[in-house]
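Colleague: Please build the complex by placing chain W on the supplied structure of chain D, with the hints as guidance.
As given, the protein sequences belong to chains D and W, one line each in that order.
Numbering of the first sequence is given in full-length UniProt numbering, commencing with residue 1 and proceeding in unit increments.
Numbering of the second sequence is given in full-length UniProt numbering, commencing with residue 1 and proceeding in unit increments.
Keep in mind that the hints were calculated from the coordinates and are not lab data.
Be aware that one or more of the hints could be misleading.
A pair holds if it fits inside one copy or across any two, identical chains being indistinguishable in the list.
Claimed, not checked - Below are the DSBU-like pairs computed for lysine-lysine, each with C-alpha atoms no more than 35 Å apart in a straight line: (1) K90 x K147; (2) K70 x K120; (3) K90 x K156; (4) K147 x K70; (5) K70 x K156; (6) K120 x K90; (7) K147 x K120; (8) K120 x K156.
Protein chains: 2
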Amino acid sequence: MDHSAAQLQRLAIAPEQLQDHQIHLTSDQQHYLCDVLRLGHGDRFIAMNGQGQLWVAELQPDARFARRLKALGEQTELAMPMMLLAAPPKGNHFDQVVRSVTELGVSYIVPLISQRTLLKPSSNRIQRWQRIATEAAEQSHRQIIPKVLDPASFEKTVMQDDQGDWQRYICTVEPSAPNFLHCLSQALDQESQSGVAVMVGPEGGWTETETQQAQTAGYQAVSLGQRTLRAVTANYMAVSIAIAQIELHTAYPGGKVCTKKSP
Amino acid sequence: MDHSAAQLQRLAIAPEQLQDHQIHLTSDQQHYLCDVLRLGHGDRFIAMNGQGQLWVAELQPDARFARRLKALGEQTELAMPMMLLAAPPKGNHFDQVVRSVTELGVSYIVPLISQRTLLKPSSNRIQRWQRIATEAAEQSHRQIIPKVLDPASFEKTVMQDDQGDWQRYICTVEPSAPNFLHCLSQALDQESQSGVAVMVGPEGGWTETETQQAQTAGYQAVSLGQRTLRAVTANYMAVSIAIAQIELHTAYPGGKVCTKKSP
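This is chain D alone, in the form it adopts within the complex (with noise of 0.2 Å):
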């Protein structure tokens, strides 16, 4: 990318809203775009349609549309998809969740309905948080907006069987679950894979139910430390891990070194 662009403001469109080279701002957007940016007829911005793609744009004198100019080959996506499956804190806690996890790289997040999960997410709330991370994926610079699932219960996610060969963890507290960061390490040496899915538990914690069922369904368990977390920080913990070990599997053996320290 041109470092030009780098500076220009993002703004995520719905696919319908591209005809050939042009592109219908909602008034929302055109809100945003005159009013809260100030930008006028000539004033570019980079229009993302959330699945990969990316163009810089231009406003026309008529400020309902836009001009597609050319399209942007930036390239900051993992080289697989992460899948974030969730039991929502209570509270406002999990918007936070949403926009971190975002910018660090998920590409689904999935609010799972536990035992003891405390908020069982309104549709209205999922719309929040489709908005919180359609906001916090122009901010990143990513190229693909993560999806926010509907609401689904931790029986019937583990028990249905569609994420092909992804590798899927749960997270626990059990004192004998080996480290996180060492399994997915292991597991990303040996096979390919299509994916990487972790389960993150609500305040309470699984029910060892729950966690037998995962183990059953092929969902490893694995640990995140010694530590007590809230289940803010396991999710940003177990996020982070995931995404760099991810991003050091798919990008590595590369050219680059680790200075004179350690050649």
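Modeller: Below, chain W without anything else, positioned relative to chain D:
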């Protein structure tokens, strides 16, 4: 630790509060134990001195005192200290960072004043962060309470060289910087370290001069991935990776293996 102790409330006490087997409670602590938790004579809690020692304690008829009973041999701390040096983002966002990184396991938090730091924390704010770290340490069953140090200028910090053979990193957005997880894993494999220190920048990033100064002073420049992270998210990710890698390195090879799937 026996199972019953796991359920007890934890309370941080200063070393001078403990005399022989008697704990002299402050009026705030009395209020918390008696009015908030509604504990009375004979009820128990866990007293922690924040430096690695914990005891079961029992409230006395005079609620200004608790009697120290047996010591707890609990060990959930990392085998190696981890220091986070972070330019705090503006507003109250760093409160959540202090809370989460305490749960994750940091030993020291150093607020850094870099050229683009937006928040120069007052001594009140440092005290506030120390209180948050203390509460989070109690709640996450730490044995030590992370120390929130006084704010330090970036330049002085990189220039002083009293960190011995700690492994030091500075997180940058430089596209050529190697993956942090990769570098830390190599470093911990190669030689014994006394600790790991990680610098995370402010919203606007480090200046070029700062990144160079740090590298000259022995900090290795590393990347947290190809996505653009807000400062809070960068802190979560940097600390998650460091903690997971330290725990993995110091706890393995142990008896724990990665299940049937990857034996």
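Colleague: Run every hint past the structure and note whether it holds.
Modeller: Hint check results:
no.: 1; hint: K90 x K147; verdict: both (21 Å within a copy, 30 Å between copies)
no.: 2; hint: K70 x K120; verdict: neither (43 Å within a copy, 42 Å between copies)
no.: 3; hint: K90 x K156; verdict: within (22 Å within a copy, 42 Å between copies)
no.: 4; hint: K147 x K70; verdict: within (26 Å within a copy, 51 Å between copies)
no.: 5; hint: K70 x K156; verdict: neither (44 Å within a copy, 46 Å between copies)
no.: 6; hint: K120 x K90; verdict: both (9 Å within a copy, 32 Å between copies)
no.: 7; hint: K147 x K120; verdict: within (18 Å within a copy, 38 Å between copies)
no.: 8; hint: K120 x K156; verdict: within (15 Å within a copy, 50 Å between copies)
Hint compliance for this structure: hints 2, 5 are not met, and every other hint is.
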